[in-house]
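Can you make the complete structure from the sequences, with help from the hints?
2 protein chains.
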Amino acid sequence: MAKKEDSKVEEILNDTEEATEEVTEETIEENVEEISQDSEEASNDKKLEEYMDRYKRTLAEFDNFRKRTEKEKLQTYHRATKDVLEKILPIVDNFERAIGALPEEEKSNSFAQGIEMIYKQFLNMLNESGVQIIEAVGQEFNPDFHNAVMHTEDDSAGENVVVEELQKGYMYKDSVLRHSMVKVAN
Amino acid sequence: MAKKEDSKVEEILNDTEEATEEVTEETIEENVEEISQDSEEASNDKKLEEYMDRYKRTLAEFDNFRKRTEKEKLQTYHRATKDVLEKILPIVDNFERAIGALPEEEKSNSFAQGIEMIYKQFLNMLNESGVQIIEAVGQEFNPDFHNAVMHTEDDSAGENVVVEELQKGYMYKDSVLRHSMVKVAN
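Here the protein sequences line up with chains A and B, keeping their order.
Read left to right, the first sequence gives residues 1 to 186 (full-length UniProt numbering).
Read left to right, the second sequence gives residues 1 to 186 (full-length UniProt numbering).
Hints should not be assumed to be uniformly reliable.
It does not matter which identical chain is used: a pair holds within one copy or between any two.
List of simulated lysine-lysine pairs, DSS-like, C-alpha gap at most 30 Å [to be verified]:
#1 Lys82 x Lys183
#2 Lys82 x Lys67
#3 Lys73 x Lys183
#4 Lys183 x Lys71
#5 Lys56 x Lys107
#6 Lys168 x Lys87
#7 Lys120 x Lys46
#8 Lys82 x Lys168
#9 Lys107 x Lys73
#10 Lys82 x Lys120
#11 Lys183 x Lys168
The set of hints was computed from the structure by calculation and includes no laboratory data.
Keep in mind it's a predicted model, so treat the numbers as computed, not measured.
Below, the structure written as C-alpha cells:
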C-alpha cells in the first residue's frame, strides 16, 4: 500500500511532465536556426517581423502557463489533503461503531469516557481540516451528496426523502469527500 | 481554527503570486515598443539581434520556470499531506495513553478489544501514508530526530544514549513530522 502512495505521487509528477514540453538549450538553438534558414533569402525585415512575433507569442504562452500554475498548485494542495482525509474516514466509522455498541453499564467507566473524548477530538480535527458531515436523514434525496443503497415504500416522511443513514458522508470544503449511504422513501 | 487552514492556503497562493511576475498584454507591447524606440535609428540588423536575444532569453526563462514548477508541485503535495498528518498525531498519542491506562481486568472485554483493533488500523493508515516511527530508546541521541527534554547521570546504557521516550516521534518519508521527546544519559 505504501507503493500505492508512491504511484500517486509519481502520477502527479507525470501529469506535470506531460503538461510541460521541455525546452532545452538545443531547442532554443534549433528555433533560432530554423528562422535563420527559413528566411535565408528573405529580407532582414521579414526576419525581424518573425522574431517579434515569436517573442510575443512566447511571452503570452509563458504568462498563461504562470496563471495555470497558480491554480494547479492550490488544486494539488487540496487533492493531497483529500487523499489523506479519505483514508481517515474508515477509522472514524469504526470508532462510531465501537462507541455505538458499548453496553450501557460500561459507558461510565474511565476507559470508555477517554475513548469518547478522543472521538470528539477526532471530529474537531476533521472539522478544522475543512471536513463537514453531509446532512442526510430528513433531507430530500440528492444524488450529488447521497448514495441510495436501499428503498422503502413507506413514504410517510415524504416522497424522495432520506429516511435512514447507513454510512455517514462527508464534504471536504466544496467537494464531496464521501457520499453518504442512505435509504430513501419512494 | 478553520481560519488557520484558510490562511495556510492563502499563503501558498501568495507564494506563487510573489514568484510569478505577471506578464500582461501591455507588458508584451511595452517590451516590443521599447526595442522599436530604442533602436529607432539603429539598423534592422541591430534590432534583429536584439529580438533574437530577447526571444532566446525568454525561452530559457520559461524553461527554468517549468522545471521549478514540477518540483514545487510535488513539494506542495507533500506539504499538504504533512499538514494533515501532523494534526492526527495528538489523536494517536491520546489513543496510546488510553490503551496504556486500561486496567488489566478490562483488557478482554469486547469494547477494549475493538478499540485496540481501531488503533492498529490507525497505525496501518499512517504507515501507508508514508509515516514511520522514529527509533528512540537504545539509539544514540541525534538532534535531527530526537528532542532531549530530560537528562540522567546514569549512563549505564552508554554515553549520549536515549534511555526513555516521553513522546513518540514520527518521520514522513525523508523528513521529520515530529521529533521524539526523549531522556538522554550524559
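Structure-based check of each hint:
1. For a Cα distance limit of 30 Å, the shortest separation of Lys82 from Lys183 inside one copy, 26 Å, qualifies, whereas the shortest one across copies, 37 Å, does not.
2. In the homo-oligomer, the alpha carbons of Lys82 and Lys67 lie at most 30 Å apart both inside one protomer (23 Å) and across protomers (26 Å), since each shortest distance falls under that limit.
3. In this assembly of identical chains, the alpha carbons of Lys73 and Lys183 never lie at most 30 Å apart, being 38 Å within a copy and 41 Å across copies at closest.
4. In this assembly of identical chains, the alpha carbons of Lys183 and Lys71 never lie at most 30 Å apart, being 38 Å within a copy and 46 Å across copies at closest.
5. For the identical chains of this complex, Lys56 and Lys107 are neighbours neither inside a copy (72 Å) nor across copies (73 Å), given an alpha-carbon limit of 30 Å.
6. When the C-alpha separation of Lys168 and Lys87 is checked against a cutoff of 30 Å, the pair qualifies both within a copy, at 14 Å, and between copies, at 22 Å.
7. With identical chains, the CA atoms of Lys120 and Lys46 are never at most 30 Å apart, being 72 Å at best within one copy and 72 Å at best between copies.
8. Within a single copy, Lys82 and Lys168 get their C-alpha atoms as close as 16 Å, and across copies as close as 26 Å, so both meet the 30 Å cut-off.
9. For the homomeric pair Lys107 and Lys73, neither the shortest alpha-carbon distance inside one copy (46 Å) nor that between copies (47 Å) is at most 30 Å.
10. Proximity of Lys82 and Lys120 under a CA criterion of 30 Å is satisfied in both settings, with 20 Å inside one chain copy and 22 Å between copies.
11. With identical chains, the CA atoms of Lys183 and Lys168 are at most 30 Å apart within one copy only, with a shortest distance of 12 Å there and 43 Å across copies.
Comparing the model with each numbered hint stated earlier shows that hints 3, 4, 5, 7, 9 do not hold.
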